[in-house]
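Residue numbers (the numbering used here), protein chains in the order written: chain A, -13 to 451; chain B, 75 to 586.
A couple of the hints might just be wrong.
Straight-line C-alpha distance at most 30 Å; calculated BS3-like pairs for lysine-lysine [claimed, not checked]: (1) A/K26 / B/K313; (2) A/K145 / B/K566; (3) B/K475 / A/K50; (4) B/K475 / B/K426; (5) A/K226 / A/K145; (6) B/K80 / A/K79; (7) B/K84 / A/K26; (8) A/K281 / B/K265; (9) B/K478 / B/K539; (10) A/K0 / B/K477; (11) A/K217 / A/K192; (12) B/K426 / B/K463; (13) B/K426 / A/K243; (14) B/K265 / B/K371; (15) B/K566 / B/K547; (16) A/K26 / B/K265; (17) B/K573 / A/K348; (18) B/K463 / A/K79; (19) B/K84 / A/K348; (20) B/K80 / A/K26; (21) A/K348 / B/K371; (22) B/K478 / B/K547; (23) A/K26 / A/K(-7); (24) A/K145 / B/K80; (25) A/K50 / B/K426; (26) A/K79 / B/K547; (27) B/K426 / B/K444; (28) B/K448 / B/K371; (29) B/K463 / A/K26; (30) A/K243 / A/K192; (31) B/K426 / A/K(-7); (32) B/K539 / A/K(-7); (33) B/K539 / B/K477; (34) A/K192 / A/K145; (35) B/K461 / B/K539; (36) B/K539 / B/K444; (37) B/K117 / A/K(-7); (38) B/K478 / B/K461; (39) A/K50 / B/K167.
Worth flagging that the hints you see were computed from the coordinates, not collected in a lab.
One letter stands for each residue in the lines below.
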Amino acid sequence: MEIPWAKNSDEAVKRRIMEEVGIASIEELFQDVPAEIRLKRTLRVGLSEDGEGVSEYELLRLAKRVRESISNPRIPPFAGIEHCYHVVPSVIKELIYRGELYTAYTPYAFEINQGLLQALFEYQSLIAELYGVEVVNASMYDGSTALAEAVRMAIRVTKRSKVLVSEGLSPLKLRVLETWLYGLGIKIERVGLDERGATSVEEAVKLVDRDTAALVVETPNVYGVIEHGVKALADACHEKGALLVVFANPLLLGIVKPPGELGADIVVGEGQPLGLGLFYGGATLGILGTRRDLKLVRQLPGRLVGMTLTEDGVDVSYALVLQTREQHIRRERATSNITTNSALMAIAAAMYLSLIGGEGLKRLALSIASRTLYLKTRLSDLDGVEVLYRNSPSFLKVATRVKGMSVENVIRRARERGILCGSNLSRYGYGDNVMVMCVTEAHSRSDIDELVKVLGEVLSHVEAS
Amino acid sequence: MWRQAKWVEKPIIAYPSASRSGFRVPFENDFTEYERQVVEMLKELGMEREELGIPNISELEVVRHYVRLSHMSYGIDVGPTPLGSCTMKYNPKVCNEFLKEAGVEDVHPEELEEYIQPLLEMLYRLERWLAEITGMDRCCLQVPAGAAGELAGALMIRKYFDDLGEARDEMLVPDSAHGTNPASAAMAGFKVVNIPTNDRGTVDLDALKAVLSNRVAGMMLTNPNTLGLFEDEILDIAKELHSVGALLYYDGANLNGIMGIARPGDMGFDIVHLNLHKTFAAPHGGGGPGGAAICAKGKLVEYLPRPLLDFDGRRYFWNYSGSRSIGMMRVYYGNVPALLRTFAYIAMLGGKGLRKVAEIAVLNTNYLVKKLEKVGLADYLELTHSKTKPRKHEVVLSAKKLKKAFGVTADDVAKCLEDQGLHPPITYFPLIVEEALMIELTETEPIEYIDRYVEALRRCIDLAKRDPTAMRKMPRNTSVGRVDVVRANHPKHLVLSHKFEGFAELLNKFRD
Ligand SMILES: Cc1ncc(COP(=O)(O)O)c(C=O)c1O
Chain A
-13 MEIPWAKNSD
-3 EAVKRRIMEE
7 VGIASIEELF
17 QDVPAEIRLK
27 RTLRVGLSED
37 GEGVSEYELL
47 RLAKRVRESI
57 SNPRIPPFAG
67 IEHCYHVVPS
77 VIKELIYRGE
87 LYTAYTPYAF
97 EINQGLLQAL
107 FEYQSLIAEL
117 YGVEVVNASM
127 YDGSTALAEA
137 VRMAIRVTKR
147 SKVLVSEGLS
157 PLKLRVLETW
167 LYGLGIKIER
177 VGLDERGATS
187 VEEAVKLVDR
197 DTAALVVETP
207 NVYGVIEHGV
217 KALADACHEK
227 GALLVVFANP
237 LLLGIVKPPG
247 ELGADIVVGE
257 GQPLGLGLFY
267 GGATLGILGT
277 RRDLKLVRQL
287 PGRLVGMTLT
297 EDGVDVSYAL
307 VLQTREQHIR
317 RERATSNITT
327 NSALMAIAAA
337 MYLSLIGGEG
347 LKRLALSIAS
357 RTLYLKTRLS
367 DLDGVEVLYR
377 NSPSFLKVAT
387 RVKGMSVENV
397 IRRARERGIL
407 CGSNLSRYGY
417 GDNVMVMCVT
427 EAHSRSDIDE
437 LVKVLGEVLS
447 HVEAS
Chain B
75 MWRQAKWVEK
85 PIIAYPSASR
95 SGFRVPFEND
105 FTEYERQVVE
115 MLKELGMERE
125 ELGIPNISEL
135 EVVRHYVRLS
145 HMSYGIDVGP
155 TPLGSCTMKY
165 NPKVCNEFLK
175 EAGVEDVHPE
185 ELEEYIQPLL
195 EMLYRLERWL
205 AEITGMDRCC
215 LQVPAGAAGE
225 LAGALMIRKY
235 FDDLGEARDE
245 MLVPDSAHGT
255 NPASAAMAGF
265 KVVNIPTNDR
275 GTVDLDALKA
285 VLSNRVAGMM
295 LTNPNTLGLF
305 EDEILDIAKE
315 LHSVGALLYY
325 DGANLNGIMG
335 IARPGDMGFD
345 IVHLNLHKTF
355 AAPHGGGGPG
365 GAAICAKGKL
375 VEYLPRPLLD
385 FDGRRYFWNY
395 SGSRSIGMMR
405 VYYGNVPALL
415 RTFAYIAMLG
425 GKGLRKVAEI
435 AVLNTNYLVK
445 KLEKVGLADY
455 LELTHSKTKP
465 RKHEVVLSAK
475 KLKKAFGVTA
485 DDVAKCLEDQ
495 GLHPPITYFP
505 LIVEEALMIE
515 LTETEPIEYI
525 DRYVEALRRC
535 IDLAKRDPTA
545 MRKMPRNTSV
555 GRVDVVRANH
565 PKHLVLSHKF
575 EGFAELLNKF
585 RD
């Protein structure tokens, strides 16, 4: 067999099939490919010059070499404009490799894929519960694209062309949003932050007008501040017929009132904290949900699983529903072009939430918030950094202004000491020499102490040993 | 006889809850002294959460629940899943192991480049390979799936003409195209113009010529197309489009039928997306995540999303420069696990192996066609358009006559296959074929499985002739019988989460 996992690549089997088909050479199947575009050589790909492949073992040797020469920080990273380092429970690592699940396609054939459909319905329910909405779709690619789609949805619902974006939204998501809105004639305006680092309600009230499709806020925002005026922002939007889009970290919602309850029309999130690992940035999970309002639900992109009965009325069953919103039916009038999504990650997130439970999530969130406070407290004693929004409620992230050294240098020097200490926010034009640090459940008190110690050394120009 | 497992599993959100979760927060006790302060602050601001209705259940219950749900699911590891257009091939297990062994799970996307050079080197080599496979100059690995690649491509075309100061607002799409093509074009603000398919099953060149003008920005095309036929006039199509200054976009979803035999770049395409989860070795994950790349030639490279991965002879680095770039399609660099699986797959096959993949995939399709003919099914499951041209990666059959003669639809045939433990083909796509059944076996389906699939189809047709009513009651051997989709979609009965009234009513069913 030339391809170990494809029996019909075996010379004898292949001959037998060719005989049945009635051809003497495979070339006959490609007669209709014009001669001038037929490739007359072997593709120059793979690890060896001669066009041959390598064995499984050789491949794994290469992977091992890669792992051994990647140099990981000695304690879990503190970087994270978008993704932070979180713990992945063993249950998820094992169960997402169930062959029936991860090698399946989208469950278009309902009866033979009830398990997959049920798992996705459970994801929708768990996330709906967490975000305080009734409807959540069966996943988007990642948080950033979910946000872009949420804004596009708001534009369709309101038929308006102005989008307000809080200055607390991360620069990377803003860049993605701008890309996805290119060419539509949409105007993006920023809403500033108040002295506590939350989106200024006063400014929002001034800027939201009858042309505004949506206001976008992120919580905790890129400075780690928990948006505490969501209700007021929702009121400001609704007064003018605009929609409020809230991008919320799912773990935060263990302790903070959910955006749906506070009046958000569309909720969005990045599912990566829910046990999905880092994997150098992806694949992750885009969370997207909305209120139970048909005007909104009809414009919701992505798949939806509905719970129902079998035709004979006997069994509870599940199916993909409201498919007329989707590209395979509605084509150019579809709510989105999305088809492949992040189903397996959604199932992993459902496993994660089931595993830690409501009470566990509360404790986890509280503990992360406490660590954030601890880091803030420790950094306040450090010369050379100014903690931004020192007295605001914050979660997961701490923003600091660094003095006397560029953030880039701080990061590089701390890394030389084995610590990936933070992210350079000013690189994206946010603030002046601002560094953001991320603390999660993976960081112990001594990890955080070590971070502060190393930052102290770096900032006082102590040589690395 | 095959029977699928049928477990009675309540939705997990309705599981009975313990008072506390068994989850142990790491280092929880290190920080308890700060908890009070946090709670007070939240209370003061009126932000503290009161209700959170997620049950606390044990690890064992969670494991059993999802293992049982997996028993009621069906993927390529279980049996053939010949969904046309989706390219459901078996992905060698070593790709999973490769991912674990390379240790990328813990690598942070903001890690400094000098600490992860070997990882970047792999991604860089992969980018070069994909450029070679497509005949393009550069690829961007950022796009998370094919459709996102299409949107990126459509935006690139849009920006390209904006920069030239040309007002082109039309995107041509064949009427056989996948729904994502028109949807992507529309998202980028284009007006979609459908181009009809001719009797031979390919783009109607005259119709194409008739709509060409300086309003046309481009055309989105897949080759082989969704009928499984090679667009043999592709060079003329490219010439015509280019002659009015328009661009040609390649939807790579069907590359499996031509990989290593002909390259989109040599066919005249300017921009190409690849679906790594179709053509290479990224699993479909029950719908995703997949992986993709968006590639371009010549002057269009500038328009690709950023960053691109570069090598300066000494080190690998992400290059953000490119003032004409459309921007960023998602945060960070791409679906890295899918990218690394693709690297592993190409490394294991080499250039010769990739060509073999296409050859066997196409051979399998034509074997299926021949078998159907031999067992006398070709009358009821007939080829449309050209009946003699060899198919490539897939074949589309029409059950039109079956419907006419016995009232049995393509959907009924699908359910009948489900009943025999087989995943049905894609149905009702492409839209230009009535009662369409679209079958793609890929190179990995063994001959015996193809034979069995044909045999199963024969049984379905026999039953349709004998007892069409029985057929419409299928399936019976799957975990549940035919799902009531009318009820599922009915506004009064719609249940999209536990927060819909209908949920409680359905839960009562678990009491019996
Ligand atoms: C022909 C065709 N084009 C585009 C797509 C979209 O690709 P993806 O699912 O990766 O977004 C698909 C598959 O769904 C397809 O079959």
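(Q) Holds or violated: A/K192 and A/K145, Cα atoms, limit 30 Å. (A) The hint holds at about 21 Å.
Q) Holds or violated: are the alpha carbons of B/K265 and B/K371 at most 30 Å from each other? A) holds (24 Å)
Q | Pair hint outcome, A/K281 versus B/K265 [Cα-Cα no greater than 30 Å] | A | Holds, because 25 Å separates the two Cα atoms, which is no more than 30 Å.
Q.
Checking one constraint from the list: CA of B/K80 to CA of A/K79, max 30 Å. Satisfied?
A. Since the Cα atoms of B/K80 and A/K79 sit roughly 25 Å apart, the hinted pair holds (cutoff 30 Å).
Q | Restraint check for B/K478 with B/K547, where alpha carbons must lie at most 30 Å apart | A | Cα-Cα ~19 Å, so holds.
Q. Within 30 Å, alpha carbon to alpha carbon, are B/K475 and A/K50?
A. Measuring from Cα to Cα gives roughly 57 Å; hence the hint is violated.
**Q.** 30 Å limit on alpha-carbon distance, applied to hinted pair B/K426 and B/K444
**A.** holds (27 Å)
Q | B/K573 paired with A/K348 [C-alpha distance capped at 30 Å] | A | Holds, at about 21 Å.
Q. Quick one, are B/K80 and A/K26 close enough, alpha carbons at most 30 Å?
A. Between B/K80 and A/K26 the Cα gap is close to 53 Å, so the pair fails against 30 Å, i.e. violated.
(Q) Does A/K(-7) sit within 30 Å of A/K26, going by the straight-line distance between their CA atoms? (A) The hint holds at about 26 Å.
Q) Within a Cα-Cα threshold of 30 Å, do A/K145 and B/K566 meet the stated pairing? A) Cα-Cα ~28 Å, so holds.
Q: Take a quick look at whether B/K539 and A/K(-7) sit within 30 Å of each other, Cα to Cα.
A: violated (34 Å)
Hint compliance for this structure: hints 3, 4, 7, 10, 13, 16, 18, 20, 21, 24, 26, 28, 32, 37 are broken, all remaining hints hold.
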